[in-house]
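Number of protein chains: 2
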Amino acid sequence: MRAHPQFRYEEVANLVVSLVDSGTLSPGSRAPSLREISKQQQVSLSTALQAYRLLEDRGVLEARPQSGHYVTSRAALRLEPPAITNPPGRPAAVVISPTLSKVMQYSVDPRLVPLGGAIPSAELLATARLDRFLARAARTKGASYNTYTEPRGDLRLRQEIARRAVRWGTAVSPEDIVITSGCMEAIALALSIVTRPGATVAIESPTYFGLLRSLEALGLKVLELPTDAADGIDLAALKNVLERKGVKTCLFSSSFNNPLGSTMPSENKLKVLALLARYRATLIEDDINGDIYFGPQRPVPFMALERSANNVIYCSSFSKTVAPGYRIGWMVTKTAAQMERALERKLAFTLSGPPLLQAAFADFLASGGYDNHLRRIRRVFEYTIGQMSRTVERSFPAGTKVSRPAGSFVLWLELPKSVRTAALFDEALKNGICFVPGDAFSVSGRYGHCLRLSGAHGWNERIEKGVVKLGDLASAAATRSAAASLSKR
Amino acid sequence: MRAHPQFRYEEVANLVVSLVDSGTLSPGSRAPSLREISKQQQVSLSTALQAYRLLEDRGVLEARPQSGHYVTSRAALRLEPPAITNPPGRPAAVVISPTLSKVMQYSVDPRLVPLGGAIPSAELLATARLDRFLARAARTKGASYNTYTEPRGDLRLRQEIARRAVRWGTAVSPEDIVITSGCMEAIALALSIVTRPGATVAIESPTYFGLLRSLEALGLKVLELPTDAADGIDLAALKNVLERKGVKTCLFSSSFNNPLGSTMPSENKLKVLALLARYRATLIEDDINGDIYFGPQRPVPFMALERSANNVIYCSSFSKTVAPGYRIGWMVTKTAAQMERALERKLAFTLSGPPLLQAAFADFLASGGYDNHLRRIRRVFEYTIGQMSRTVERSFPAGTKVSRPAGSFVLWLELPKSVRTAALFDEALKNGICFVPGDAFSVSGRYGHCLRLSGAHGWNERIEKGVVKLGDLASAAATRSAAASLSKR
Numbered sequence: 003m004r005a006h007p008q009f010r011y012e013e014v015a016n017l018v019v020s021l022v023d024s025g026t027l028s029p030g031s032r033a034p035s036l037r038e039i040s041k042q043q044q045v046s047l048s049t050a051l052q053a054y055r056l057l058e059d060r061g062v063l064e065a066r067p068q069s070g071h072y073v074t075s076r077a078a079l080r081l082e083p084p085a086i087t088n089p090p091g092r093p094a095a096v097v098i099s100p101t102l103s104k105v106m107q108y109s110v111d112p113r114l115v116p117l118g119g120a121i122p123s124a125e126l127l128a129t130a131r132l133d134r135f136l137a138r139a140a141r142t143k144g145a146s147y148n149t150y151t152e153p154r155g156d157l158r159l160r161q162e163i164a165r166r167a168v169r170w171g172t173a174v175s176p177e178d179i180v181i182t183s184g185c186m187e188a189i190a191l192a193l194s195i196v197t198r199p200g201a202t203v204a205i206e207s208p209t210y211f212g213l214l215r216s217l218e219a220l221g222l223k224v225l226e227l228p229t230d231a232a233d234g235i236d237l238a239a240l241k242n243v244l245e246r247k248g249v250k251t252c253l254f255s256s257s258f259n260n261p262l263g264s265t266m267p268s269e270n271k272l273k274v275l276a277l278l279a280r281y282r283a284t285l286i287e288d289d290i291n292g293d294i295y296f297g298p299q300r301p302v303p304f305m306a307l308e309r310s311a312n313n314v315i316y317c318s319s320f321s322k323t324v325a326p327g328y329r330i331g332w333m334v335t336k337t338a339a340q341m342e343r344a345l346e347r348k349l350a351f352t353l354s355g356p357p358l359l360q361a362a363f364a365d366f367l368a369s370g371g372y373d374n375h376l377r378r379i380r381r382v383f384e385y386t387i388g389q390m391s392r393t394v395e396r397s398f399p400a401g402t403k404v405s406r407p408a409g410s411f412v413l414w415l416e417l418p419k420s421v422r423t424a425a426l427f428d429e430a431l432k433n434g435i436c437f438v439p440g441d442a443f444s445v446s447g448r449y450g451h452c453l454r455l456s457g458a459h460g461w462n463e464r465i466e467k468g469v470v471k472l473g474d475l476a477s478a479a480a481t482r483s484a485a486a487s488l489s490k491r
Numbered sequence: 003m004r005a006h007p008q009f010r011y012e013e014v015a016n017l018v019v020s021l022v023d024s025g026t027l028s029p030g031s032r033a034p035s036l037r038e039i040s041k042q043q044q045v046s047l048s049t050a051l052q053a054y055r056l057l058e059d060r061g062v063l064e065a066r067p068q069s070g071h072y073v074t075s076r077a078a079l080r081l082e083p084p085a086i087t088n089p090p091g092r093p094a095a096v097v098i099s100p101t102l103s104k105v106m107q108y109s110v111d112p113r114l115v116p117l118g119g120a121i122p123s124a125e126l127l128a129t130a131r132l133d134r135f136l137a138r139a140a141r142t143k144g145a146s147y148n149t150y151t152e153p154r155g156d157l158r159l160r161q162e163i164a165r166r167a168v169r170w171g172t173a174v175s176p177e178d179i180v181i182t183s184g185c186m187e188a189i190a191l192a193l194s195i196v197t198r199p200g201a202t203v204a205i206e207s208p209t210y211f212g213l214l215r216s217l218e219a220l221g222l223k224v225l226e227l228p229t230d231a232a233d234g235i236d237l238a239a240l241k242n243v244l245e246r247k248g249v250k251t252c253l254f255s256s257s258f259n260n261p262l263g264s265t266m267p268s269e270n271k272l273k274v275l276a277l278l279a280r281y282r283a284t285l286i287e288d289d290i291n292g293d294i295y296f297g298p299q300r301p302v303p304f305m306a307l308e309r310s311a312n313n314v315i316y317c318s319s320f321s322k323t324v325a326p327g328y329r330i331g332w333m334v335t336k337t338a339a340q341m342e343r344a345l346e347r348k349l350a351f352t353l354s355g356p357p358l359l360q361a362a363f364a365d366f367l368a369s370g371g372y373d374n375h376l377r378r379i380r381r382v383f384e385y386t387i388g389q390m391s392r393t394v395e396r397s398f399p400a401g402t403k404v405s406r407p408a409g410s411f412v413l414w415l416e417l418p419k420s421v422r423t424a425a426l427f428d429e430a431l432k433n434g435i436c437f438v439p440g441d442a443f444s445v446s447g448r449y450g451h452c453l454r455l456s457g458a459h460g461w462n463e464r465i466e467k468g469v470v471k472l473g474d475l476a477s478a479a480a481t482r483s484a485a486a487s488l489s490k491r
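In the order they appear, the protein sequences are chains A and B. Per the numbering used here, the very first residue in the first sequence carries number 3; after that it's consecutive. Per the numbering used here, the very first residue in the second sequence carries number 3; after that it's consecutive.
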């Protein structure tokens, strides 16, 4: 049984892509004919045709007249993925990189090619339907919603969220959920109820700078774990910090980590949960990207895999998928004492979210509008990431490594060691391009030659030219530094 | 020049009330005739008539056929106001009264007579006009506002807020303002940028329990100051704690303190500011009730009186006047370093408020809708507080003292010492009535015989019956405890 409904032709297309990725179909080889695929997969010819058209759009197949479909030379990415990271193995105070505030300022500047901020563009999100629900709620329910919500937030919204969690196998009660101002407040709440200032939190390395900001504001230290761009954190390293460093709190991504794009396989997640139980540690999981998966199945969050203990606090929001402007996130805990502390803190700091927005969002979820929307933007982001990866391949200097995320919309690039992406950022600005230098994603200073590209605005000519130009600038920087290091000898 | 535009007939009515309050016109005496007042005040006969009708509505005057208008016997309140409070003069950890969570739960129960919560009822607030602005914004600007605001919040909203501040004499730049999730987030932000856990904050006693919740969550201690129901905190006590206890942070109400209703006269505020400057301490002022004044002039906040130094952080919101459900508050600081820390914390915890709500609110303010609305609800709350005071006078046990707030919509009652209002609360619940026992407003335990009545739902027969019944229950409790103390002798 599939966790999510999906169009049959997308399944067929995904199957072909997996044949390419696994090497069964090599670039240049002939793909199965429409008749063959229709027979093998028991789909109609028109469904097979739809699948192949999708694959043409994605640049995986090309049609040759009178001859059938062939795997394109671009179908398989030749760039290496980054190696597993190797951060220092000791706790460190969080000091926010000064690069970051500069980057933040530019990441909303509409004059720049928007490869910086990871906020989907308003055009892509197309919230007309959601906004109609809000306009209707404002017209018809304005007065009755002009008050505070109960501390957990609007009940119907929590019911809708709980209903969605059931689909990926978690029994969550609306009572286990507290609505927050985005995923950020959810994570800050979670951190504040399980830590005290001065405590150490184990995190992925590199990690989203917004999390570093919350950790800093709460006076917490971080211990960065080696993290693989495919499989996520290194289990042996995790065991070590739990066993030897007395770390009691972890903050990990559920899937499509920002910026690496990594997702821990479920068997690894189960091992993490076993370690947490053994060392009585708590995991705060950030599932903000979970709904933006390219494959046939949604990755399963830690909370859904946890059976015996209650060591997981789950955080997510709708900010990456449909409505950053609605500021609706949520935190889930099945531990009553944690929920009580979370509500106390919520009352002490923000009291309540705007009930009208929550009511409108509940209407939108109940209408099925969100699921339709997700199907569309998953395609958009998969296409964007595919195109962006291929453009990186042809424009960036030799030796560049690039992540291969199976969801969300950011790429992590590791450039030749000599290239300083903070300096590249200044050059890019002069050329009207924004991105985020690697420094912003760690307190270790190890990612000065890395950068994150965001596909939050989808794929178009302007974006493509920006990536190409940035690749040229990076290549020039690599050549310059190679020449400089030669002349020093 | 008047600080605020106001209808002429309201000014005339306020003048007559002040003549009653000052004793120039005593109960039962004949008020000036319409012709006299028209001539004295240089207003038309119809304006004078409007003023007298307002005074009849307020129960200050009564018309006697063929004879003119007379001051009613109820016009002057005979109940004493509470004496200045006398809290213990040492720092104390904040422990939230267990009464409070019980009260919170019941204060939103529509089956109870709503004398508990201080959230204006949706019917009173009548937000149809504001909601229309929201509906329009959702229809026409939804997509462009579906993103994060800049960290300070929507610029137009900040401009409108700055424009209003000018009216009461403060030059505030939109750059000095950060939009928050209600006044609560503003105060929590302010506290978090000027204190560290374990520090002591000087507060009014009694004080709003929501502030105690924020202080507790931030790990702060409180030092409660003697506070007068008319004039606010005692200046000698403030000097003492600044000089001898090394207190560096104060959190005071700008006007109409919740629950006492006190407002410091401007000359006292100037003395407070001089003390702050001398001892290098910071004042966080809570001006959430400032727009709900009954008199001719808005009380001037501390920030507007401050000329030489920058020791004041100003906090307010629209939650008490028009839109608790919109969750829009703001914090003002003129110190760049404080603003920077505030924005860092905002980014770390809630990131941004919903831009669509902020844009709609800016439209509403620009339209003049807010000022019209304020004029209306000031009248409603003044009437409510007047009627409620008189009902307390005739229903509560002898010896009850009651505050005489010149704004906002709560009354503070000091009952005979023997009456325990926590026990009275349980009895009131059985009788379908909610209020807030005095325990909730202090960590000192000194207000167990006090209570707060809220006029947030305006005045009607159900409210009146509730106050009368509560008075009967309090009288019975007073009689019982008097009898018990006699039988013990």
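By construction, these hints were calculated from the structure, which means they are not laboratory data. Remember, it's a predicted structure, so these values are computed and weren't measured experimentally. Just so you know, not all the hints are guaranteed correct.
The list treats identical chains as interchangeable, and a pair is accepted whether it falls inside one copy or across any two copies.
[What the hints assert, rightly or not] Derived DSSO-like pairs: lysine-lysine, alpha-carbon spacing no greater than 30 Å straight-line:
hint	residue 1	residue 2
1	Lys471	Lys241
2	Lys143	Lys41
3	Lys247	Lys273
4	Lys104	Lys143
5	Lys419	Lys223
6	Lys273	Lys471
7	Lys273	Lys432
8	Lys471	Lys490
9	Lys336	Lys104
10	Lys104	Lys247
11	Lys223	Lys250
12	Lys432	Lys490
13	Lys467	Lys490
So, going through the hints one by one against the coordinates:
| no. | hint | result |
| --- | --- | --- |
| 1 | Lys471 with Lys241 | neither (43 Å within a copy, 64 Å between copies) |
| 2 | Lys143 with Lys41 | neither (53 Å within a copy, 49 Å between copies) |
| 3 | Lys247 with Lys273 | within (19 Å within a copy, 53 Å between copies) |
| 4 | Lys104 with Lys143 | between (42 Å within a copy, 28 Å between copies) |
| 5 | Lys419 with Lys223 | within (27 Å within a copy, 51 Å between copies) |
| 6 | Lys273 with Lys471 | neither (43 Å within a copy, 62 Å between copies) |
| 7 | Lys273 with Lys432 | neither (47 Å within a copy, 53 Å between copies) |
| 8 | Lys471 with Lys490 | within (29 Å within a copy, 92 Å between copies) |
| 9 | Lys336 with Lys104 | between (39 Å within a copy, 22 Å between copies) |
| 10 | Lys104 with Lys247 | neither (34 Å within a copy, 41 Å between copies) |
| 11 | Lys223 with Lys250 | both (12 Å within a copy, 28 Å between copies) |
| 12 | Lys432 with Lys490 | within (29 Å within a copy, 88 Å between copies) |
| 13 | Lys467 with Lys490 | neither (35 Å within a copy, 92 Å between copies) |
The structure fails hints 1, 2, 6, 7, 10 and 13 (numbered hints given earlier, in ascending order).
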